[in-house]
Every structure is written in C-alpha cells, then in structure tokens.
Amino acid sequence: SQQGEEDPQALSIQEGENATMNCSYKTSINNLQWYRQNSGRGLVHLILIRSNEREKHSGRLRVTLDTSKKSSSLLITASRAADTASYFCATPQGAQKLVFGQGTRLTINP
Amino acid sequence: EAEVAQSPRYKITEKSQAVAFWCDPISGHATLYWYRQILGQGPELLVQFQDESVVDDSQLPKDRFSAERLKGVDSTLKIQPAELGDSAMYLCASSPRTANYGYTFGSGTRLTVV
Chain F
2 SQQGEEDPQA
12 LSIQEGENAT
22 MNCSYKTSIN
32 NLQWYRQNSG
42 RGLVHLILIR
52 SNEREKHSGR
62 LRVTLDTSKK
72 SSSLLITASR
82 AADTASYFCA
92 TPQGAQKLVF
102 GQGTRLTINP
Chain C
592 EAEVAQSPRY
602 KITEKSQAVA
612 FWCDPISGHA
622 TLYWYRQILG
632 QGPELLVQFQ
642 DESVVDDSQL
652 PKDRFSAERL
662 KGVDSTLKIQ
672 PAELGDSAMY
682 LCASSPRTAN
692 YGYTFGSGTR
702 LTVV
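These protein sequence lines map, in sequence, to chains F and C. With this note's numbering applied, the first sequence closes on residue 111, and no number is skipped along the way. With this note's numbering applied, the second sequence closes on residue 705, and no number is skipped along the way.
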C-alpha cells in the first residue's frame, strides 16, 4: 500500500528556476526520506528528516516537514539540467520497511 | 564509496522460463530489501531480510517468486515461471539495520518478459 503521495506527478521548469515537490502521508511517522532516481537507474538517498525537525538543508536541497498536516516538501534551488530525474518520498511502515510514493518527474529545460 | 551490486543489468526472457537476479549489499548491512518497480510507479517491497531471515514477504507472489540470503550476505531472487506482467525493474537495497536509516540501492535489473 502506498503511504506517500507526491504532487505534482510531473513538473517542467527552466534551468535556474526553483523546483518544489510535495509529499503527503497517512500515518504517524518518525522520519521521512527523499530519493532521486535518474532514468533507468536505482534510487539515490537525498535527505532524511526526523519527526522532531521542521526543516533541513543539504546543498541546494531544502526539505520541510509538517507533522500536523502530514506533509513534506522538497525544494531544489537554482535547478540544473542534471537535476532532471524522478523524486520519491518514502516513510517507514513500522520500523522495518520504507514505503514509497509514486514520485514526481522533474524535467529541467535548458 | 561502497555500492550495492546487482546483476544482470538487463534481462530478456520468454514467458514460462525461469530467471534469477543477484544482489550483493554493502558490507556489514544487516538488512536487505528487494523491490519491484513498474515503469512510471514507485518501488514496492517484495521481500525483506534481516541477516539470513525473512522479515517480510507479504507482497511476494510465492507461487512463482522465491528469495534467499543463505549466509546473510548476498541474495538471489528467482521467478519461475516468468509471466508477461513480471516485466519491471527489480531493485535491491540495503541498510544498516532498520528503515530509520537511508537505504542504498543498486542500479537494478530491468526485466523484460516476451
């Protein structure tokens, strides 16, 4: 069963612009994770935010978490062509496994 | 940087044939996961190992799929017989212990059943 739902399903922006993707989830969590997947490749872990954190930064990435709304957002600033990929949020189900959303397909146009 | 190794990278097989995928996780990672990803969708868990024991195989179609991790290190996922609907990306991932850590994924095996 899908825990996280990403929005939008697809996003196309110009290079240099900021990209924002959202994730909503259904049950209480102790952390939320974001992953990137380049076409035809495996997923790469980007960032983990814990339930007691509201915001976290990593390079050009900024993640926010609102546990009252059961939602998270991923902001990529100053986008580059290399950021073209699918982005997934994932939440633990119990302590054992991650459940992934359907993803947001991001296209950066030169 | 340590990687999760998967092979083969691509596999084309005829329906009703047997197919196997191999995964070698990062050394020391106790937990190993096999996910299936249909094109355009998110990964879905097939089976999870803690060391050599299966923790969760509730979504594994056990009539045709099997998985093992005999010595708690590398793992094999098998499909027999393959069906057209099995065409997907099969991803292996590992983590130190639980889902409270980030996963490291392999590059995946793209399976096409014809």
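Rather than coming from a laboratory, the hints here were simulated on the basis of the structure. Fair warning: this is a prediction, and the values are worked out from it, not measured in the lab. Every residue, glycine too, gets a C-beta built ideally from N, C-alpha and C. It cannot be assumed that every hint is accurate.
Said to hold, decoys possible - To give a feel for the contact side, a few chain C residues facing chain F, derived at Cβ under 7 Å:
#, residue
1, P599
2, P687
3, N691
4, L702
Said to hold, decoys possible - Far from chain C by the CB rule (all over 10 Å, computed), these chain F residues:
#, residue
5, S13
6, R42
7, K70
8, S72
Checked hints:
no. : hint : in the structure
1   : P599 : violated, 14 Å
2   : P687 : violated, 12 Å
3   : N691 : holds, 6 Å
4   : L702 : violated, 13 Å
5   : S13  : holds, 16 Å
6   : R42  : violated, 6 Å
7   : K70  : holds, 21 Å
8   : S72  : holds, 17 Å
In the structure shown, a violation is registered for the earlier hints numbered 1, 2, 4 and 6, in ascending order.
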